[in-house]
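One letter stands for each residue in the lines below.
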Amino acid sequence: DAGVTQSPTHLIKTRGQQVTLRCSPISGHKSVSWYQQVLGQGPQFIFQYYEKEERGRGNFPDRFSARQFPNYSSELNVNALLLGDSALYLCASSLRWDRRNSPLHFGNGTRLTVT
Amino acid sequence: SQQGEEDPQALSIQEGENATMNCSYKTSINNLQWYRQNSGRGLVHLILIRSNEREKHSGRLRVTLDTSKKSSSLLITASRAADTASYFCATDDQGAQKLVFGQGTRLTINP
Numbered sequence: 002d003a004g005v006t007q008s009p010t011h012l013i014k015t016r017g018q019q020v021t022l023r024c025s026p027i028s029g030h031k032s033v034s035w036y037q038q039v040l041g042q043g044p045q046f047i048f049q050y051y052e053k054e055e056r057g058r059g060n061f062p063d064r065f066s067a068r069q070f071p072n073y074s075s076e077l078n079v080n081a082l083l084l085g086d087s088a089l090y091l092c093a094s095s096l097r098w099d100r101r102n103s104p105l106h107f108g109n110g111t112r113l114t115v116t
Numbered sequence: 002s003q004q005g006e007e008d009p010q011a012l013s014i015q016e017g018e019n020a021t022m023n024c025s026y027k028t029s030i031n032n033l034q035w036y037r038q039n040s041g042r043g044l045v046h047l048i049l050i051r052s053n054e055r056e057k058h059s060g061r062l063r064v065t066l067d068t069s070k071k072s073s074s075l076l077i078t079a080s081r082a083a084d085t086a087s088y089f090c091a092t093d094d095q096g097a098q099k100l101v102f103g104q105g106t107r108l109t110i111n112p
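Sequence order for the protein chains is A and B. Heads up: the first sequence at position 59 corresponds to 60 in our numbering, and the numbers run straight through without jumps. Heads up: the second sequence at position 58 corresponds to 59 in our numbering, and the numbers run straight through without jumps.
Please note: incorrect hints may appear among the correct ones.
[Unchecked claim] Interface residues of chain B toward chain A, partial, derived using beta-carbon atoms under 10 angstroms:
id	residue
1	Gly43
2	Leu47
3	Phe89
4	Asp93
5	Gly103
These are calculated hints, taken from the structure and not from any lab test. From a predicted model like this one, the values you see are computed outputs, not experimental measurements. A virtual CB, placed ideally from N, CA and C, is assigned to each residue, including glycine.
Required output: the full structure, derived from the provided sequences and hints.
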């Protein structure tokens, strides 16, 4: 079975532009989470979606938004890009949104560079 | 914001030696997880220890958890060059599967 897939793998944008990142979870997984990892830091939680509904949001500005589709894939949108948005954006999937004691399965991420 | 600290930030050892990484956190948890990240790639889950467990083993990995001290350690025995990676601890204090990661330990295994 395929793992979590993310596209594109790399992206270069200019300040002020908008970007959309895509994620396909592992087959059968209904929960998708997004994380931002700035170089040299650990990942930070952005959003969690389950059954197309937002189940959690981290401490990120409203420029960040996301959605989940009926096939459980997800998009992360970032508007009005800032230099500080340059990071590796990671998507993770799991079977349920509320199941504790189960690990997350991460994709390889999208490397976003804002110039 | 990061949950806690990992110590050391970087560790360089010879192949075959043991590597120990420590993690501290700030709030009560349901579980603590360790992940590995090879350069520029996604995170791979290594091991999960529940708050009512004190020690857990998986192959060459040994994890301990001390909830009274809010700390955990990851021991990798008989290290190999392929173990070169960054290692992160993560807790679920914000809710199921909303993980809070530390800053990571960068481990280098020298042949």
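Here's how the hints hold up against the structure:
no., hint, verdict
1, Gly43, "4 angstroms, holds"
2, Leu47, "9 angstroms, holds"
3, Phe89, "5 angstroms, holds"
4, Asp93, "6 angstroms, holds"
5, Gly103, "5 angstroms, holds"
In the structure shown, no violation is registered for any of the earlier numbered hints.
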